[in-house]
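Quick note on numbering: the sequence shown equals residues 952 to 1041 in our numbering.
Some hints here could point you the wrong way.
Here are the computed distance ranges between Cβ atoms for each label pair [unchecked claim]: (1) 1034 <-> 988: 40 to 46 angstroms; (2) 1019 <-> 983: 17 to 23 angstroms; (3) 986 <-> 959: 39 to 45 angstroms; (4) 967 <-> 1023: 41 to 47 angstroms; (5) 962 <-> 1026: 39 to 45 angstroms.
Since the hints were derived computationally from the structure, they do not count as laboratory data. Ideal placement from N, C-alpha and C gives every residue a C-beta, glycine not left out.
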Amino acid sequence: LFAQVTNPPLDGIREEVVTSMARVMGPEQNLLEPTAASCRQIKLSYPVLDNDELNKIVHINDDGEQPGLRTAVLRALYDVERGGDGLAEA
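Go ahead and model the full structure; you've got the sequences and the hints to work with.
Printed below as a string of structure tokens:
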């Protein structure tokens, strides 16, 4: 006979902090000195965005009312036929 160790399955309700896929975007401030600037972050429910969600983020500060939040679009297109060299140039 031998001792078999089994782990209980994750409980998504009780262990939401561990199983959550939410992510936060934006500048991190000093947690020990909270200020208004500490709140300038965007919480994403999932790490994968659709085009509408991405568009909202890209244009989040078009009116200039969100200090501390800036966006930039980086083009990452490359010629697949050129392989790694094409990717490095992109």
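Fill in: Enumerated hints in conflict with the structure, sorted upward
Violated: hint 4 alone.
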